[in-house]
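Construct the complete structure from the given sequences, taking the supplied hints into account.
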Amino acid sequence: MKTIVAKFRLYWPLTKGLQSGLLLATGVAGYMSARCPIFHIGTILGLSGSLFLSIAGSTVLNMWWDRDIDAKMRRTQKRPSSAGTVSPEEILRLGLVLSVIGVGWAVAIDALYGLVVFAGLFFDVVIYSMWLKRRTCWGIVWGGVSGAMPILAGRVLGLGGFDWIGITLALGVLFWIPTHTLTFSMKFFDDYKAAGVPTFPSTYGFAFTRTTIAISSVLAAVAMGAAAFGIGMAWGFLRLLGVLSAGLLMLAFTITFRPSDRVNFSLFKYASIYMLAAMILVVIEVL
Amino acid sequence: MTRFMKMTPIDRMLLLLTVLLAAYQIVVGIDGLSALPIIAYTIAFGVLLVAGLLLFILGFDVLDSPIVVIISTIIPLSLSLGLVSEYFASYRTPYLLFAIIGFAAVIITRSFTTSEKLPVIVLAIIHGIAGLIIFLLPIIFAISGKAKPGFALVGIGGGLIGLVGLLLSFLKTGKPILSRERIFKIFPGLLLVMTATYVAGFALR
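Chains as they are written, first to last, in the working numbering: chain X, 349 to 635; chain Y, 15 to 219.
Warning: the hint list may mix true and false statements.
[Stated by the list, open to error] With a straight-line Cα cutoff of 30 Å, these simulated DSSO-like cross-link-like pairs (lysine-lysine) come out:
(1) LYS186/Y with LYS617/X
(2) LYS535/X with LYS20/Y
(3) LYS189/Y with LYS20/Y
(4) LYS617/X with LYS20/Y
(5) LYS426/X with LYS20/Y
(6) LYS426/X with LYS350/X
By construction, these hints were calculated from the structure, which means they are not laboratory data.
If you're wondering where the values come from, they're calculated on a predicted model, not measured in any experiment.
Here's what the structure looks like:
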């Protein structure tokens, strides 16, 4: 028992629990946006379990692949993968086991849902991490596509197919991701430079990056608003979503025209709260 | 140089409750009204909500920003606009004009003038009128029986927002009524009580 607990403690940081949890929340919200009540316990558990394992699996595989650059960055050098507290072979095994169980479980629940979950994992690990991350700063777009897959997968599972609302919800997450990751790449500019990872700030400069954040924030807010309207969200919830979006836009435009580390940090934090709150609104709306 | 003051977990909990109350008011507390009051109240509680979130994220240091004075003008102006358009419909358009011109005047005098007195005078007039409406209108309506007694709570909230405004304004002018530390210590609690009285007052009218 002690060994299991010790292993769990060692492996948990490899899954980035908070990030995986936020992506899982988008998946559950996507499912419930199709007016599927949370009381379908079996399906909700299956969705949550398969999605979490797939997301955690892809995160662990990314850590395994990126362990050399993580070791060069102050922010990530204490991760078990880069600090060497878990061997690369063990990390690879863990990532593969989680991914295979997660995607297999998803396919067993519904083939189309499983396909979308697999697409998310494939875009994240193969296209983003293995192929593009070290070559071009535009790799984050594909990282964003993979981040948008859980909400689309949830919607597909609830609906049995694709529709414009599912695509718009996915676009909302896709456009939200640069707001989150680009502020991060500005905050840890030196780290990424030391590791030789191309980022928007190192390729195009800070001003261009800030403008990109502002534009992507506008697009994220528009997409989330359109999807919420399409779902048939009540006016009260739409008003609240509008207020939260206004806060996001205010911060995005502030870092464009009056940049500072403090506003940059607050946008980074606020963007996470914004997405979590938007997902909670979608869920509450159905309850 | 301003001193850094750490936010305690209790402060953060109080702010989170404020944010949740403001969210509740936006979602369900103002349903069934006409367009202008809904917009005005949504702006008022929306600013309160976003400000609460930013305080939660950044801590008290965010209150040192010069933009706080401008942002904090929006809350009383939009709340009073909502009240006027609900209870004195014939004054709706003139008060809307007053709110827009008043807000523009605060921004212009804070951003583009070199005078020290003018921004303070403009701010005092705008806050004074809006604050009096929020404080007096609900209390008078509650006493005269035109609204249920609970509506007076909105007036009490108006008094509290005036107190918060005064404390912050005097702090910024360098002549604080209370020390910076003491203001920040009571600020989250004051913000929560103020929001709670608004929400309760609107629910009980």
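Restraint check for LYS186/Y with LYS617/X, where alpha carbons must lie at most 30 Å apart: With a Cα-Cα distance of about 27 Å, the restraint between LYS186/Y and LYS617/X holds, given a limit of 30 Å.
Going straight from one Cα to the other, do LYS189/Y and LYS20/Y come out at no more than 30 Å? Answer holds: LYS189/Y to LYS20/Y is near 23 Å, not above 30 Å.
Next pair to validate is LYS617/X with LYS20/Y; report whether the Cα-Cα distance is within 30 Å. holds, 18 Å
Pairwise hint evaluation, LYS350/X against LYS426/X, where the allowed Cα distance is 30 Å at most: Answer holds: LYS426/X to LYS350/X is near 23 Å, not above 30 Å.
Is the straight-line distance between the alpha-carbon of LYS535/X and that of LYS20/Y 30 Å or less? holds, 22 Å
Within a Cα-Cα threshold of 30 Å, do LYS426/X and LYS20/Y meet the stated pairing? Within the cut-off at roughly 27 Å; holds.
Of the numbered hints given earlier, the model fails none.
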